[in-house]
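Put together the whole structure using the sequences plus the hints.
Positions in the sequence shown are counted from 1; adding 516 to them yields the numbering used here.
Source of the hints: derived by calculation from the structure; they are not laboratory data. C-beta atoms are modelled at their ideal positions from N, C-alpha and C, and glycine is treated no differently. Honestly, I wouldn't trust all of these hints.
Claimed, not checked - Label pairs and their calculated CB-CB ranges:
1) 720 to 844: 14 to 20 Å
2) 828 to 722: 32 to 38 Å
3) 922 to 831: 44 to 50 Å
4) 530 to 920: 35 to 41 Å
5) 720 to 698: 31 to 37 Å
6) 595 to 940: 39 to 45 Å
7) 836 to 902: 36 to 42 Å
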Amino acid sequence: MRYVSTRGGTAPTRLSDAIAAGIAPDGGLYVPESMPSVPLPPANGTLAGTALRMLEPFFDGDPLEDDLPAICAEAFSPPAPRRELHMEGAHVLELFHGPTAAFKDYGARFLAACLSRLRRDSDRPLTILVATSGDTGAAVGAAFHDLPGVRVAILYPDNRVSPRQAHQLGSFGGNVRALRVGGSFDDCQRLVKGALSDTVLQADVPMSSANSISLGRLLPQMAYFGHASLQTEGLMNVIVPTGNLGNAVACLWAREIGMPIGEVVFACNANDTLPEFFAGLPYRARDAVATIANAMDVGAPSNFERLSHLFGGDDATRRRGHAEGVDDAEIRDVIRRHAASDDEIFCPHTATAIRVVERRRLAGDARRWTVVATAHPAKFDTIVEPLIGRTVAIPEALGAMLVREASAEPLAVDAGTFAAWLRRW
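Below, the structure written as structure tokens:
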């Protein structure tokens with residue numbers, strides 16, 4: 517299996533090389549040269565077993581091929597249960613049972629397992645750059661903490677993540693450092709992309725990415741969608757809370773390789789780049805606006821390139837997808853109502869998807885839907901607890917992070933300043 521750039525200006529390469537690079541030399545994102553057709557894994561298998569069966573064709577002929585069973589075992593030890601909601605015909609896919617209580621734990625652990633093997637014989641450390649709107653950075657920090665030969669720089673928008681998210685991001689120390697950027701997530705993302713594309717800087721500081729622009733993050737995220745679909749009667753229709761589009765693209769890729777997945781809907785917050793596009797307007801990246809579903813505060817989703825590449829252009833993409841926006845008032849209403857009526861407590865991001873299900877029910881859509889729960893509500897206590905009138909129990913792993921000391925360094929939105937910081941480190 518070979519991998520090419522979404523922009524077409526890079527020669528096909530091996531998966532290991534694409535993972536190590538993070539971003540293609542022409543500035544595009546790596547995608548499979550062609551999508552394989554994967555036989556359905558057994559419905560009664562483990563999540564790690566399903567991941568192995570789904571990912572084997574993507575690692576065919578790669579130096580990591582023989583390591584893939586061990587990589588899957590390491591990455592997919594946390595469960596990803598799909599359970600029934602009180603809403604008729606609705607289920608929730610819980611992806612927050614990993615060490616940082618967010619779905620990004622799976623992809624981050626997978627990427628760390630890959631890079632630790634690829635860097636076994638290197639005498640220079642690899643610097644992982646990660647821009648985060650909340651959850652990605654903590655997942656990557658936890659996955660790479662104390663890993664030999666690798667260090668991590670986490671960039672997050674200052675005052676635009678929840679207090680507990682900010683504490684997580686700065687709680688690692690050692691080979692993981694947090695930078696609070698005086699701007700938006702999109703500014704953080706631009707700094708990361710600019711550094712990765714700077715060939716002079718790369719010669720001084722070997723770098724890669726741990727955002728969903730990295731294939732090592734995105735490919736494994738197909739696994740829990742495929743595994744959940746095997747537990748579903750018929751096709752699994754999915755509503756995915758969406759910011760940078762990585763999780764949504766992973767779901768579409770899982771469907772593309774043959775998993776029994778039906779319609780995929782993107783639930784967005786007030787950042788309406790995707791809802792506008794799917795409503796027929798030209799794609800227009802813009803600055804993100806701050807919402808209470810902060811991990812989805814993205815105005816220029818990187819993985820739009822992969823979405824367009826998958827379907828072959830704007831019109832074809834619109835025919836194959838749908839996105840809906842949910843504002844803060846609706847998010848608060850969902851959290852308040854469901855906690856009171858059926859004792860279901862959702863994080864703000866999951867609440868966007870719940871609201872989309874409710875709209876579909878009101879419109880007469882009686883199909884079964886699976887809502888993706890991307891984070892544990894305890895990560896957003898300052899938002900959730902005032903709405904429901906009680907405290908949210910903290911998962912044990914998250915609680916352990918919150919009692920550690922935390923610190924983050926300020927960083928201006930300036931590529932030269934960031935490059936100088938990387939060289940000093």
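Evaluation of the provided hints:
1. 720 to 844: 14 to 20 Å: Hint violated: Cβ distance 43 Å, outside 14 to 20 Å.
2. 828 to 722: 32 to 38 Å: Given about 35 Å between the Cβ atoms, the range holds.
3. 922 to 831: 44 to 50 Å: Since residue 922 and residue 831 have Cβ atoms about 47 Å apart, the given range 44 to 50 Å holds.
4. 530 to 920: 35 to 41 Å: The hint (35 to 41 Å, Cβ to Cβ) holds, given that residue 530 and residue 920 are roughly 38 Å apart.
5. 720 to 698: 31 to 37 Å: Since residue 720 and residue 698 have Cβ atoms about 25 Å apart, the given range 31 to 37 Å is violated.
6. 595 to 940: 39 to 45 Å: 41 Å, holds
7. 836 to 902: 36 to 42 Å: Since the Cβ atoms of residue 836 and residue 902 sit about 39 Å apart, the hinted range of 36 to 42 Å holds.
Of the hints listed earlier, those the structure fails to meet are numbers 1, 5, in rising order.
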